[in-house]
Amino acid sequence: MSQNEPSAYTAEETAIIRKRQAGRSRVMGIALVALCILFFLITVVKVGVWG
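The sequence shown begins at 10 in the working numbering and counts up by one.
Honestly, I wouldn't trust all of these hints.
What the hints assert, rightly or not - Simulated restraints on C-beta separations: (1) 50 / 30: 28 to 36 Å; (2) 20 / 50: 44 to 52 Å; (3) 19 / 55: 49 to 57 Å; (4) 16 / 56: 53 to 61 Å; (5) 55 / 16: 50 to 58 Å; (6) 14 / 49: 28 to 36 Å.
It should be emphasised that the hints constitute simulated quantities derived from the structure, not laboratory data. Note that the coordinates shown come from a computational prediction; the quantities given were computed from them, not determined experimentally. The C-beta atom is built at its ideal place from N, Cα and C for all residues, glycine as well.
Please put together the full structure from these sequences, using the hints given.
Here you go:
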């Protein structure tokens with residue numbers, strides 16, 4: 010979309026879309042951190058640091 014074209018959404022619609030995107034971003038961030046922790050724990054168990 011160029012600078013001269015009118016927005017396809019109203020300010021309220023844009024705010025709703027941004028809020029949804031932020032929620033999805035948080036969920037994806039949490040999932041990524043959870044996977045990192047899971048991989049770390051699997052590695053520690055396989056290496057046998059606690060065993």
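Range hint compliance [Cβ, residue 19 to residue 55, 49 to 57 Å]: For residue 19 and residue 55 the Cβ distance comes to about 54 Å; the hint holds.
Supplied distance hint 28 to 36 Å, evaluated on CB atoms of residue 14 and residue 49: violated, 47 Å
- request: Evaluate the given range 44 to 52 Å for the C-beta pair formed by residue 20 and residue 50.
  value: holds, 45 Å
- prompt: In this structure, is the beta-carbon distance linking residue 16 and residue 56 contained in 53 to 61 Å?
  reply: holds, 54 Å
query: Taking 28 to 36 Å as the hint, is the beta-carbon distance of residue 50 and residue 30 inside that range?
result: This hint holds: roughly 31 Å between Cβ atoms.
query: Using the C-beta atoms of residue 55 and residue 16, is the stated range 50 to 58 Å upheld?
result: holds, 53 Å
Going through the hint list in order, the structure does not satisfy hint 6, though it satisfies all others.
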